[in-house]
Amino acid sequence: MTRHLSARAARWVTRSLCGAITVLPTTLAAQTDFYNTDRGRPLRVEDALVVERRAFELQAAPFTWERVRRGASHLAVAPEFAWGVLPRTQIELALPMLRTDEGVGTTPTIGLGGVELELLHQLNAETTRWPALALGAGAHLPVGGMAPSRTLTSVRGLATRTLGWGRVHLNATMGLGDDLPVNDPGASEAARWEAGVAVDHTFFFRSLLVGADLVARRGQFADAATQWQAGVGLRQQVTPRLAFDAGLRRRVSAGEAGWTFTTGAAYAFAKPWRPAATAPARPAVVRSVRGSGLATSAPQWSTVQDQFYQQAEHNFVFRRMYPGADRLFNAFDFGHAVLYETLWTQPDAAERLLEGPVYTQLTTEVLSAPPRLPLAEDAIEPLYARLAPEAKAMFEWAHILHRQVYDILADERLSEAAKDAELQRLTAYYRSRPDLAFSALPKNMALMQEMPYSLAFRQRYPKFNGLIWAYHWLQVGIYEPLVVGQTPAERQAGVAAAVARFKQMIPGAPENYPGMMPMTAAIAPTFSSKWPTFAIIFDNLHSLHDVISDILANPAVPRGEKRALILEAVDAYRDDTTQIMTIEGWKKMSLTMGLENQGGPVVGFLPALPTQTMPRGMVMRYDRDGNPIDDHHHHEP
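At position 15 of the sequence shown the residue is numbered 62 (the working numbering), and the sequence of numbers has no breaks.
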């Protein structure tokens, strides 16, 4: 391998990267998570998270300027490319292009500072007992005129702990091999060891992360002194495609102060996924709670992993075509997250908060001015996410499915046949993750309403429960006008009417909210008839939402058993055997519950809200064929 990169090759690399930066925003539907920081972007210390599986992330032209001493400075542009090649594993490539100016009377030096490669593996998802942990191994190759004289290798460990107010990160790096000569071009960047701590806080409504770090490092050359640096930085989600970061650092150890400023942007994308020609049988569900029975304290070592959404031309079409409804769904995500976090962290005050100030904030502020971008739910429900990362990941995977179905149905460029094909491809992609996918077979309502912990949430929190059911009414209801509308104008009018109807439910809570969980087959019958798989998955999703609310809200469930019960419910809603109904029975049950009791129709409704014919919160029992069992009974709050 040559040590020097030719000027022609350097120009080619630069043009290629600039071309990628120019093309990405217009041709790729990408999304970058500002909550996942990178080394040097914006702080030297990063979190122990990796990019999602199948994702590619380009750090586009990250710029670093360093004042070494009076009159001397270093400038670097170091494009980085990361690939989520395996579960919880990324490969990263960086090409640092350097310019050094040692001051008056010297000629600036420009060149490639080597090729940096790293493999980073996240060992686990954070839980109540364990922080998120990751291990990395890197190599700095001697390519370019300003690269080190030999290959430098290093290993590092990372840890992230989430608290109620923010996150704490620890990083430690060890350089391997012999010391470099002091005058080696790579000596200034090579470290014998480096250790640092960082804290960050997320302003989730603004999609903004701010943080600070303190780092100690010793260079990998003889007689190197330990240097201390402190830094501050921010990372801002600008659009679903673009995140911006900026950071400022200062040397705080002995000697003349050195300042470093960094700024950059990041894009994430994925290669479009195509299912195999012959779809394999659905793999068996791996149980979340291992062993022959349900342990009182469920295992706390979690290896759940995130995966990038299905890449397609229709990504974010719904956001562009129906921005008002799309923003409401961002608000709904906040409502679900703040509900779980409050139930888990403040059980003694939860009833007062959720039926009082939190409910008021949601209905008068958040729903009135919903967030422009999807929110980082990890920052809203940090301690609940530690309790049950498996359930959180399962919800996120289904919520991505929700959004992508909206995108396909809202894309006016797609014919009906093309929409069918895209929905089939989306189904295959969703079900390629059996560890996260809900069963596509309907579940009996007994799972939601007849467990020892059931009904606690609807009884103790009638307003918030009604609001959640209204959320679900709109989330599944929006599909109907997208399907039955014959023209773009009709679809626009139908979605606008559905949103207005949802807002009509809010005054006078809980009386105007649905009195029973809205079932997709009743609320969106045309959509459910054409694509029953999606309708069933969404009903199972919404049912599990209620189950977890009951587990968290029920004071009779010991705190130490809540995680185990949540994981037991997660397993039940993923498998194809527990409390299964026939599809015809599911449809029959949905209609027998009464459309008027589930919020009413989404299209063709009268000005007044429907009069409900069953007591609010009534429990109706059915067999697998949708036939009523015994006498129905109800539970009033």
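Just so you know, the hints here were simulated from the structure itself, not pulled from any lab data. Glycine is no exception: its CB is placed at the ideal position from the N, C-alpha and C atoms. One thing to keep in mind: the hints can contain errors.
What the hints assert, rightly or not - Computed spacing ranges between beta-carbons, pair by pair: (1) Ala-540 - Ser-576: 35 to 41 Å; (2) Leu-122 - Gln-393: 45 to 51 Å; (3) Gln-393 - Ala-544: 23 to 29 Å; (4) Leu-430 - Trp-240: 29 to 35 Å; (5) Ser-196 - Glu-412: 56 to 62 Å; (6) Ala-540 - Ala-186: 57 to 63 Å; (7) Asn-674 - Glu-412: 30 to 36 Å; (8) Ala-263 - Arg-176: 27 to 33 Å; (9) Phe-250 - Gly-555: 49 to 55 Å; (10) Pro-346 - Thr-658: 37 to 43 Å.
task = Mind listing which of the numbered hints don't hold for this structure, in increasing order?
result = 1, 3, 7, 9 and 10
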